[in-house]
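**Q** Listed below, chain by chain, are the residues.
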Amino acid sequence: MSWSKNNNAHKTLWALITYFHKDTLQGQPFVKFADGGEWELGLVVKIAGNDSPEMIKDKAGAMATLLDEFFTGVFKTKYEKLSASVDENTARGDGIAAMSNALAQTDKKLKTVGDIVDEHYVFKGEVE
Amino acid sequence: MMNKGLFMLFKILLISTLLLFTKPLFAQVFDEPTARAKALKKCDSYNLPKLLCNALVTSFFDAAIESNEQGSLDNFEDYLSNNLKDNILKSDEVLNEVVFNSGLLSSKLEDSPLSLKFKAIDVEDDDTVMGLEFAYNREFARNYLNASKTMRRYYTFEFDVSGTVTQKAEENPRDFIEAKASFLGGAYTRIPTQPKMVTDIAQYYVDNIDDEVAQKAFWNAMDDVTKPLGGFTYFKYGIEAGFETEQDFDAKNTVITAFAFTQYESWDDGTFLGSLGLIPSARFALDEVNPNSETPRALAGDNSSYRRVSGELSLWMPISQYTGKSMFFTFNYRTYRELSANDVIKNANLDKYHLRTYTIGGPSGLYLSYTSGSLPFDLQSQQSVELGFKTYF
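Top line first, the protein sequences correspond to chains Y and R. Using my numbering, you'd call the opening residue of the first sequence number 1 and step up by one each time. Using my numbering, you'd call the opening residue of the second sequence number 1 and step up by one each time.
Each hint should be verified, as a subset may be incorrect.
As the list claims (entries may be wrong) - In silico lysine-lysine, DSSO-like type, Cα no more than 30 angstroms apart, as pairs:
id, chain 1, residue 1, chain 2, residue 2
1, R, Lys85, Y, Lys108
2, Y, Lys32, Y, Lys108
3, R, Lys180, Y, Lys32
4, Y, Lys111, Y, Lys76
5, Y, Lys22, Y, Lys111
6, R, Lys41, Y, Lys109
7, R, Lys196, Y, Lys108
8, R, Lys85, Y, Lys32
9, R, Lys180, Y, Lys108
10, Y, Lys76, R, Lys227
11, Y, Lys111, R, Lys168
12, Y, Lys109, R, Lys252
13, R, Lys149, Y, Lys109
14, R, Lys216, Y, Lys108
15, R, Lys196, Y, Lys78
16, Y, Lys111, R, Lys149
17, R, Lys50, Y, Lys109
18, R, Lys42, Y, Lys111
19, Y, Lys109, R, Lys216
As the list claims (entries may be wrong) - Examples of chain R residues toward chain Y, derived with CB under 10 angstroms:
id, residue
20, Asn68
21, Glu69
22, Arg142
23, Thr189
Hints were generated in silico from the structure; no laboratory data involved. From a predicted model like this one, the values you see are computed outputs, not experimental measurements. Glycine residues also receive a C-beta, built at the ideal position from the N, C-alpha and C atoms.
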């Protein structure tokens, strides 16, 4: 489990999380990338107190889906697992499911999701 | 890496043992606060999970103090043994760090549909038992239907197993295991592929991730992407079939569930939701439950199937603009009702519940929480599924 400034997947993940939380962050002391990795996933996914496990899982799914849309639509990332037998829809489903499972572990930190993103998406500077 | 960690663990235990056999010297030179602080600081440099190192050091020095207070180090070994048990074997935090969050198992589990976690569970007499929470969630290949310009629609199949087990089933207050297969469908807002200029601004921020100006430019560019879309709509529905059971698999409910979940985030500051940053999420479910003859409900004379409905509303809203600090407000409302419940259940007031929870929190944690209402038997939310099972069968 790493959280590195040398990893574009980790940095892109944090960049998008800052945007999804800009209403909480703006006007406040700047939160650096390293500190962002320490954010609890309950905060990242916007969990309310006493949300049921089903609600948490569905909110994590919504956040994972949103990340996938921004990765591919804005950053134009490709899917790491694309192959002759894995089409784009399957790879998209795999990426969203993996991120969703990770984000639903609400007592863990954002840095635990970085490598999972890296395993499913090809970011700038990576070789497909 | 693990070998070095084990070596350090061995080294600490060796030092502890040596100190046991050098009691007089230990008693003479022992400057506890300084030695403890020095040892805890050393934990930073050891290639050992820090939580484990801290627990070892704390156990050792606490045992020294406890035995010293009795004017003798004769019971040091017992104190050390008890402290190690309390601080390591009874600490889910330390066990999770050592077993699941560091080393080989951590990397194996990271991208796995299986999650494992130790959980210290409170039981009677202020005691705790160590439970193992497990969850396996596997979504099979997702199929997308004809995508429109604004929405994606999909369907898929999923398999889930989850539960908590303890060494002895009778000691498990969260004695609940659930397994289900699901057909799921959904639809959500699609982000169109953006022009190169937008990608360049976004990538510039990623390349300069701790640059505040680049962050502001990125946020502005993303606002230009999201505003025309109005908001992010996420909708999911499904039918699930599965069973709920206990650790010994005697009592069992088969359950068929239909559910729907939706979340909406407005990206338009001109709307009520957008201006507040308020994100509502809602979930509804209808269960058909068939208990077997071993369930307490059946043993009490009622093994008929029954239906239960549940609804949940969850709100999340930033309040930084009012408080001047990074803070948010949340509200959760959960309701549960057994349909056509018999008189015994109704008279015991177990056929319905409502629970409202208000919280104020921030990146550093929870500041304030208020809950009214209750779940059956006044147990709390994480146990609600277990409650549904335990109360109604």
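**Q** Run every hint past the structure and note whether it holds.
**A** Consistency of the hints with the structure:
no. : hint                  : in the structure
1   : Lys85(R) - Lys108(Y)  : 25 angstroms, holds
2   : Lys32(Y) - Lys108(Y)  : 19 angstroms, holds
3   : Lys180(R) - Lys32(Y)  : 41 angstroms, violated
4   : Lys111(Y) - Lys76(Y)  : 22 angstroms, holds
5   : Lys22(Y) - Lys111(Y)  : 19 angstroms, holds
6   : Lys41(R) - Lys109(Y)  : 24 angstroms, holds
7   : Lys196(R) - Lys108(Y) : 35 angstroms, violated
8   : Lys85(R) - Lys32(Y)   : 38 angstroms, violated
9   : Lys180(R) - Lys108(Y) : 25 angstroms, holds
10  : Lys76(Y) - Lys227(R)  : 20 angstroms, holds
11  : Lys111(Y) - Lys168(R) : 35 angstroms, violated
12  : Lys109(Y) - Lys252(R) : 36 angstroms, violated
13  : Lys149(R) - Lys109(Y) : 34 angstroms, violated
14  : Lys216(R) - Lys108(Y) : 28 angstroms, holds
15  : Lys196(R) - Lys78(Y)  : 16 angstroms, holds
16  : Lys111(Y) - Lys149(R) : 33 angstroms, violated
17  : Lys50(R) - Lys109(Y)  : 16 angstroms, holds
18  : Lys42(R) - Lys111(Y)  : 25 angstroms, holds
19  : Lys109(Y) - Lys216(R) : 24 angstroms, holds
20  : Asn68                 : 37 angstroms, violated
21  : Glu69                 : 36 angstroms, violated
22  : Arg142                : 3 angstroms, holds
23  : Thr189                : 7 angstroms, holds
Going down the numbered hints, you'll see the structure goes against 3, 7, 8, 11, 12, 13, 16, 20, 21, while the others check out.
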